[in-house]
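Modelling step: build the complete structure from the supplied sequences, incorporating the hints.
Chains as they are written, first to last, in the numbering used here: chain Y, 1 to 237; chain P, 238 to 511; chain X, 512 to 1111.
Just so you know, the hints here were simulated from the structure itself, not pulled from any lab data. Built from N, CA and C at the ideal position, the CB exists for glycine as well. Certain hints may be false.
[Unchecked claim] DSSO-like cross-link-like pairs, simulated, lysine-lysine; straight-line CA separation at most 27 Å: (1) X:Lys1014 <-> X:Lys707; (2) Y:Lys113 <-> X:Lys1014; (3) X:Lys1014 <-> Y:Lys10; (4) X:Lys827 <-> Y:Lys29; (5) Y:Lys42 <-> X:Lys705; (6) Y:Lys3 <-> X:Lys1081; (7) Y:Lys42 <-> X:Lys890; (8) X:Lys1018 <-> Y:Lys42; (9) Y:Lys113 <-> X:Lys674; (10) Y:Lys86 <-> Y:Lys42; (11) Y:Lys29 <-> X:Lys1014; (12) Y:Lys42 <-> X:Lys1007; (13) Y:Lys220 <-> P:Lys348; (14) Y:Lys220 <-> X:Lys844; (15) P:Lys412 <-> Y:Lys169; (16) Y:Lys113 <-> X:Lys707; (17) Y:Lys169 <-> P:Lys484; (18) Y:Lys122 <-> X:Lys674; (19) Y:Lys113 <-> P:Lys484; (20) X:Lys827 <-> Y:Lys3; (21) P:Lys348 <-> X:Lys844; (22) X:Lys1081 <-> X:Lys890; (23) X:Lys890 <-> X:Lys1007; (24) P:Lys308 <-> P:Lys507; (25) X:Lys994 <-> X:Lys1007; (26) X:Lys1097 <-> X:Lys1067.
[To be verified] Quick partial rundown of chain P residues pointing at chain Y, CB under 8 Å, derived from the structure: (27) Arg268; (28) Thr405; (29) Ser451.
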Amino acid sequence: MSKEYNLTLKISRYDPDTGRSWVQGYRLKAGRILRFVDLFRKINDEQDPTLAWSSSCEHGQCGTCGMKINGRPVLTCELLVENAVKLFKTQSFTVEPLTVAPVIRDLVIDMEKAYEKVHFVKPYIIQAASKPPDEEDEYRISPRVLESYVEATRCINCFCCATACVTQKNYLGPNAMLANIVRLMDPREMANQERMDILYSEQGTPRCRTAQACSFVCPKEIDIAHFIALAKEGNFR
Amino acid sequence: MDASAQKTGIEEYLIGILERSKRLSYYARSRGWAFIMTWAHRIAGLILVLYMLFHIFTLSALYEPAAFASKMKFVNHFVFSFLEWALSVPVIFHALNGARLILYEAFGTRKDAIIIRWVFILSGIYTLTLALFMVMGNQEVSAGFFWLIVAIISAISSTIVYKRLWHTQNGMLWKLQRLSGAFLLPLVSGHMFFMHLNYKAGHDVDTILARISSPGIKALDVAFVTLVFFHAGFGLNTIVGDYVENKRIRSWLAVLISFILCVFAYAGAKIVLR
Amino acid sequence: MGKKLQIDSVLRPDVLVIGAGGAGLRCAAEICERRPGTSIVAVTKVFSPQKSHTSTAQGGMAAVDPNDPVDKIIYHMFDTWKGSDCSSDQNIIKKVCESAWEQILWLERHGMHFSRTEEGRIAKRPFGGHMLNFGEVKAFRSCYEADRTGKGIMDTVWAESLKHGVSFLNQSVATELLFRNGRCIGAIVFMEQKGKFVAILAKATVMATGGKTRMYQVSSNCRQNTGDGLALILQAGLPVMDVEAVQFHPTGIVGPGILASEALRGEGAILRNKDGEPFMERYAPTAKDLAPRDLVSRCITIEIREGRGCIHPDHKLPHVWLDLRHIPEHVHKTRIQEVCGFFCKFVGVQPQFELCPVTPTAHYQMGGAPTNELGEVQKDDRQCVPGLYACGEFATASLHGHNRLGTNSLLELITMGKVVGERVVVFLNDAEDPGDVPQEGGQHVFGQFSRYLESQGDEHYAEIRDGLRLLMTEKVGVFRNEKGLTEAIERLKELKERAAHIKLYSKSLAMNQELLQLWELDHLLDVSIVIADCALARRESRGGHSREDYPKRSSKFQYHTLAYMTEYGKVTLGRRPVDMSIFEAKGEHYEKFGIIERKY
Ligand SMILES: Cc1cc2nc3c(=O)[nH]c(=O)nc-3n(C[C@H](O)[C@H](O)[C@H](O)COP(=O)(O)OP(=O)(O)OC[C@H]3O[C@@H](n4cnc5c(N)ncnc54)[C@H](O)[C@@H]3O)c2cc1C
Ligand code: HEM
Ligand code: HEM
Ligand code: SF4
Ligand code: F3S
Ligand code: FES
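As structure tokens, then:
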């Protein structure tokens, strides 16, 4: 028989219709390998169908399900009960929405607002490097060059890092910084000056205090602080 | 990688000690050790700013020996001596941790867990030695020689940082903040140390006045006070920028902070130059 | 509930894209490039287009590189045809395979971070079913970005659309298509966050709502893949095609259904039953564990049915084991680290020391809205609906017939997305203004929503959802038979009836997940019954559709199934012939494109 846990979840709730916010406790039994999203579903099914929470892929690949569990921003579709108990040494958890955008209801935040910062850094190639006209095929990018920034391309914009960061205001946030830096390191991008202007602006590098909480919480284990430090060093190759 | 090494190595080790403080272990588990270091750095920086204001205030009495002596008498009380010693904790922590940050940001030193460990070890050594010297209170060193060495080290460390950072497109003030940090690192830790080699060096009006009559020390002290207040001003303004969203309020606060610090810097410079 | 449901505002873009996934946004980007200044609104159910399900695709995207000395496009075409069990359309195969490389270059030039070879070129890897020389040796044809090709594609097309100023309506669902005189003029969209309806009147509407297999117990699809698009099409009286063809991936991680890629078996992983027997040796003595997806899925299902499977103690689901313990440590460390990590992350198992629980997972829907080779949605086997286009997994052109080859889906999204984009641009040139919201616009969805809001019953949503999943898995899953299917159809009708009496606790409109789930459940039930009906009618086994009572493929069913449903359970069927243009053109190697045997 597999182990069961007696969990207490203290979930932050918010009702946009009345503007009321409160913390609601739920007690539930759960097997060791249920994920937190499964717990929410279980609460919906068995106790309270009105609890709203967000997820999509439930594969740890889309970054929709980020929440703060006992203060730590995590992807709730990746966090098994067993691991959470081990990590926090308790069977009682607080569940709060991420702090990067206003809450819409309960655990659901207005990601669109949070994304504005990512949009701001233009996550595409602004101006592509031109190639010799006879070269009909792909750009040549050496695997070594790619390797220097490929880690950073794995970001799924879950905003866990931005929630964990010391700087919450007037800052693009670690993930938007990362999106900008990736393109600066991408040899296909030509509009580097435009990118640097954003990078070193008042809401860019000076706001990062190398707290490294971003790297600490990133579910994709991207060392974001490293990339931001590269930017401060002005080292993009 | 580094991030994970940090999670397993120093992290676990320190969390063991921290476990007793609920708040700290909460942050250590949810944000990591470096996050706590950042906060500690900030708090230490703020303590130093406050101390500097107080420091200039007391020093301004240097030329009225009676007033200065009466202030110093107060200092002689053992509680105050203890506080003086305790000040070395934020001083050395901020200095070494500042160095760590500069290493991380400008020198590609990503073995941060190890450096963090060294910040603690060296801070410990510094504060303990300082305590030892304070208790003994009988060391003699030629002021000129001591400050020459410190000035040279400061010049070297800030030049290295200059070479590393000046060509980047980082904001000018931001770069100066790092430069001033690198310059202050030997200077502040040396300053504090020197003042406690023996009791007179730091607290006896005549000794002090004799010392600062030397043009070399004058020059160094002026550089010292300017850099400290620039550094403090930029530091405070960045902190303000982290919290105040309204641009207009931010600018006004910047003007206010700069004004106050300039007044103090001016007062400080006047002390040595008179 | 005094709240009146009404259209809150009206938007009038040139083009409405329903479903901002890989396909939808590739299409949007194409339109913007060809016709700058076109106003496009892209609607997505998720929080940001980037969160669409395309992001989870791992393997790669198939394309024959013209610089490759050995691979030829004709081989790729053959593999696709053979893989489909001779039921894909050859005009589409030709079109898609021929423009594949061009699309890889498009992605690469727009910033996708493909993995590279030593020379700095795009790297390629082999993938199940892709062969050289008409099935002789494996081909290196799948262009990839590590194990996140789909994410690379999604990021690229999303960022490109952003660059061109496409406006996004996130967390919004298309709830009803609007028509005037048979022409599609847009849709009613429900904005979840605000709880408001907006009518979007567009000259052209592109549907690309992606996958739809959430009606199975174990599914690799995301929470939002509830078949809304198909339900909308059915509501509008339009047909869906080949929906009986559902692909089950053999090794889904029990519970969440996440894929444990074929790569594991490629590296030597062995499937074992309850008794530890490597059972694939019995079914496929030569290919063993590396037999094609559908075959392995069937074998696992037989094992489970005959009592040689296990029941997972936590998820209470039947499964078999995938054994990775004998694989050398360096392989674990270097080549399969990420996928093995999934077992660790999602079921707490260490693959190096423990057996991993796997079970077939519903993965892909070959069927969908029928379109012609230009991506225009058809209303029967010949005529199209003006102004309505479809691409991606939602649409069926059909490239995959009754079985899809790995990596061909991403290829289809991108190529067909582009084709539709081109077509829309032509259409826009002399398209009339869509006019105003039609009189009856919104009536359907308002009816639906007020039914949910006013429901007096005391049924539980979870019970019906679980009932549906169990039913579909058991009766309309990997194996189907006459009796099971007939029973399933009856039971589905009961479930639909019960679903109308689900009690709704929260009556708010804004971000009411409970309300939206009911709407989704309705769609799952709609699509499920059509799947069951089509499966019942197809008395043969072909690709992903496998009938126990008719285990062989039959030439009598050499056509696409079209299905209409105007009233719940009243499914009328039609046919669309399979395009055999390559065969009929009698060009080189044409004989390979006849009705051939599918044997590996
Ligand atoms: C785990 C996994 C791995 C895969 N691996 C591969 C692979 O290696 N190679 C390969 O070729 N294929 C692979 N596939 C298949 C392929 O990824 C999918 O077929 C493809 O991504 C579907 O893309 P799409 O653009 O059609 O839909 P999606 O990307 O799913 O986008 C659909 C969009 O429509 C929106 N939407 C849905 N309903 C509505 C509505 N009612 N109103 C408004 N918007 C709506 C959604 O929010 C979403 O934005 C894989 C699939 C899965 C699940
Ligand atoms: C001794 C050598 C010193 C070094 C190496 C040093 C280094 C630094 C560095 C690198 C920073 C930037 C931190 C960041 O932005 O993340 C900083 C910030 C700061 N420093 Fe110093 N510093 C020193 C001395 C001082 C002194 C003497 C004062 C006070 C008078 C001071 C006050 C501050 C303040 C207030 C900040 C802002 C803290 C924050 O942003 O959170 N520092 N210091
Ligand atoms: C508690 C221990 C300290 C003592 C006893 C002490 C004592 C003194 C004395 C006596 C002077 C006079 C100038 C000189 O002799 O060169 C001085 C100057 C100065 N001290 Fe300190 N100091 C202490 C700590 C600090 C610290 C921690 C800082 C930095 C944050 C600091 C910053 C300065 C500056 C900038 C000057 C130059 C002032 C000027 O030019 O007017 N001191 N200190
Ligand atoms: S960097 Fe990491 S934590 Fe931050 S958004 Fe990207 S994936 Fe999430
Ligand atoms: S946590 Fe924040 S301060 Fe910098 S290193 Fe990361 S962005
Ligand atoms: S739901 Fe996609 S990352 Fe968790």
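Now the hints, each set against the structure:
no., hint, result
1, X:Lys1014 <-> X:Lys707, "22 Å, holds"
2, Y:Lys113 <-> X:Lys1014, "33 Å, violated"
3, X:Lys1014 <-> Y:Lys10, "25 Å, holds"
4, X:Lys827 <-> Y:Lys29, "15 Å, holds"
5, Y:Lys42 <-> X:Lys705, "26 Å, holds"
6, Y:Lys3 <-> X:Lys1081, "47 Å, violated"
7, Y:Lys42 <-> X:Lys890, "41 Å, violated"
8, X:Lys1018 <-> Y:Lys42, "21 Å, holds"
9, Y:Lys113 <-> X:Lys674, "18 Å, holds"
10, Y:Lys86 <-> Y:Lys42, "21 Å, holds"
11, Y:Lys29 <-> X:Lys1014, "25 Å, holds"
12, Y:Lys42 <-> X:Lys1007, "23 Å, holds"
13, Y:Lys220 <-> P:Lys348, "20 Å, holds"
14, Y:Lys220 <-> X:Lys844, "17 Å, holds"
15, P:Lys412 <-> Y:Lys169, "22 Å, holds"
16, Y:Lys113 <-> X:Lys707, "18 Å, holds"
17, Y:Lys169 <-> P:Lys484, "12 Å, holds"
18, Y:Lys122 <-> X:Lys674, "7 Å, holds"
19, Y:Lys113 <-> P:Lys484, "20 Å, holds"
20, X:Lys827 <-> Y:Lys3, "14 Å, holds"
21, P:Lys348 <-> X:Lys844, "23 Å, holds"
22, X:Lys1081 <-> X:Lys890, "17 Å, holds"
23, X:Lys890 <-> X:Lys1007, "26 Å, holds"
24, P:Lys308 <-> P:Lys507, "20 Å, holds"
25, X:Lys994 <-> X:Lys1007, "20 Å, holds"
26, X:Lys1097 <-> X:Lys1067, "23 Å, holds"
27, Arg268, "4 Å, holds"
28, Thr405, "3 Å, holds"
29, Ser451, "38 Å, violated"
Checked against the numbered hints above, the structure breaks hints 2, 6, 7 and 29 and satisfies the rest.
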